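Peer 1: The lines below spell out each chain.
2 protein chains.
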Amino acid sequence: MNTYKLTYFNLKGIGEPIRMILTYAGKDFDDIRIEREHWVQLKPKTPFGKLPTLEMNGKVLHQSVAICRYLGEEAGLGGNSNWENLEIDMIAETVTDIKNIMSHFYRQLDDESREKKRPELLNETIPFYLERLDNIIKNNGGYFVNNKLTWVDFYFAGFSETIEGMLGEKICEKYSNISQHRKKLYNIPEIQNWISKRPSTMI
Amino acid sequence: MNTYKLTYFNLKGIGEPIRMILTYAGKDFDDIRIEREHWVQLKPKTPFGKLPTLEMNGKVLHQSVAICRYLGEEAGLGGNSNWENLEIDMIAETVTDIKNIMSHFYRQLDDESREKKRPELLNETIPFYLERLDNIIKNNGGYFVNNKLTWVDFYFAGFSETIEGMLGEKICEKYSNISQHRKKLYNIPEIQNWISKRPSTMI
Chain W
1 MNTYKLTYFN LKGIGEPIRM ILTYAGKDFD DIRIEREHWV QLKPKTPFGK
51 LPTLEMNGKV LHQSVAICRY LGEEAGLGGN SNWENLEIDM IAETVTDIKN
101 IMSHFYRQLD DESREKKRPE LLNETIPFYL ERLDNIIKNN GGYFVNNKLT
151 WVDFYFAGFS ETIEGMLGEK ICEKYSNISQ HRKKLYNIPE IQNWISKRPS
201 TMI
Chain A
1 MNTYKLTYFN LKGIGEPIRM ILTYAGKDFD DIRIEREHWV QLKPKTPFGK
51 LPTLEMNGKV LHQSVAICRY LGEEAGLGGN SNWENLEIDM IAETVTDIKN
101 IMSHFYRQLD DESREKKRPE LLNETIPFYL ERLDNIIKNN GGYFVNNKLT
151 WVDFYFAGFS ETIEGMLGEK ICEKYSNISQ HRKKLYNIPE IQNWISKRPS
201 TMI
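Residue numbers (full-length UniProt numbering), protein chains in the order written: chain W, 1 to 203; chain A, 1 to 203.
One thing to keep in mind: the hints can contain errors.
DSS-like mimics (lysine-lysine), calculated; alpha carbons at most 25 Å apart, straight line [to be verified]: (1) A:Lys117 with W:Lys43; (2) W:Lys116 with W:Lys148; (3) A:Lys117 with W:Lys138; (4) W:Lys99 with A:Lys99; (5) A:Lys183 with W:Lys99; (6) W:Lys138 with A:Lys43.
Hints were generated in silico from the structure; no laboratory data involved. Being a predicted model, the structure only gives us computed values, none of them experimental.
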């Protein structure tokens with residue numbers, strides 16, 4: 001039997017989609033949440049100085065999108081063709097763009113610059129992405145790709161609460177398709193169970 | 001027959017790996033290079049306000065990694081298993097991390113901040129990545145994954161000249177495995193021919 005050890009910070013972020021896909025696939029995993037003060041010691045031991053990492057049977061995997069795609073494929077959440085995988089990947093890389101914008105906003109700006117930047121993100125940058133993603137869900141039967149659940153649905157939904165936590169506003173709830181999409185995913189019994197027991201974090 | 005129209009700026013960047021994979025696969029493509037002043041008009045017509053896009057039989061594809069993976073798979077440059085694809089993807093997302101660092105440095109900083117930042121990138125940040133990538137090539141028979149050519153070899157090599165152009169230093173040449181890897185790819189006859197005829201650009 002495979003063993004899984006996920007190492008990340010005590011937050012949802014880009015670790016949460018991995019936790020959700022593992023949960024959906026019925027895989028038990030160690031959910032290691034390290035504190036910032038331990039990160040300094042751990043950082044040089046990771047493949048490229050970043051988290052999350054997923055240790056699987058002793059092999060250390062890194063890069064959240066790569067991990068989600070791999071686990072998704074194993075769980076039957078990949079595309080049925082190279083073309084369908086392309087459609088999944090275009091969404092995934094777009095979500096990563098949002099992640100990079102949010103990460104820069106939340107981690108690299110000082111308090112003053114962050115408050116200056118917040119209105120632009122809330123009123124322009126993030127709505128630009130969410131409008132388009134909402135429309136894609138609308139045109140694909142309530143999912144991102146081809147009317148069915150794939151790993152990229154978890155990649156976005158899992159990260160979406162972090163977008164809201166970082167902005168301090170439930171911005172996803174303004175988009176009906178995105179909002180329903182998240183509700184639908186969170187109503188999957190395994191995911192519902194995971195959410196009821198996961199540690200409560202702001203982001 | 002498929003038709004391909006690549007739209008990007010007049011630079012190598014993350015468009016060059018796509019150009020190389022199309023070239024390697026023997027596909028003719030329109031290599032549209034737009035000037036910054038036309039970008040304002042074009043931007044709202046792209047899927048998520050970004051380039052490159054690849055128009056294939058009228059369908060507009062976006063996100064360079066997704067496009068490289070799709071074209072790579074079609075050209076026999078994908079992995080042989082889900083695990084091999086994971087190994088390819090971990091490298092690809094790492095190269096994207098470098099791309100984001102370089103893009104922030106080159107596009108978002110003012111001249112003064114850029115000059116302040118340059119030594120850190122040249123002496124710490126980029127070497128941190130290149131050392132590790134160099135070692136991976138060394139351990140994989142001169143390629144990134146499993147002793148054979150895959151699309152991620154083009155993704156890194158195609159972008160590597162842009163890293164050097166942005167830093168103003170041939171930093172990749174300091175790493176023997178990376179340097180040989182690039183030479184080997186550029187000696188593939190189709191790629192050699194492409195390089196001899198492509199527009200000359202600094203980045």
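Peer 1: Run every hint past the structure and note whether it holds.
Peer 2: Going through the hints against the structure:
| no. | hint | in the structure |
| --- | --- | --- |
| 1 | A:Lys117 with W:Lys43 | 22 Å, holds |
| 2 | W:Lys116 with W:Lys148 | 40 Å, violated |
| 3 | A:Lys117 with W:Lys138 | 43 Å, violated |
| 4 | W:Lys99 with A:Lys99 | 15 Å, holds |
| 5 | A:Lys183 with W:Lys99 | 34 Å, violated |
| 6 | W:Lys138 with A:Lys43 | 23 Å, holds |
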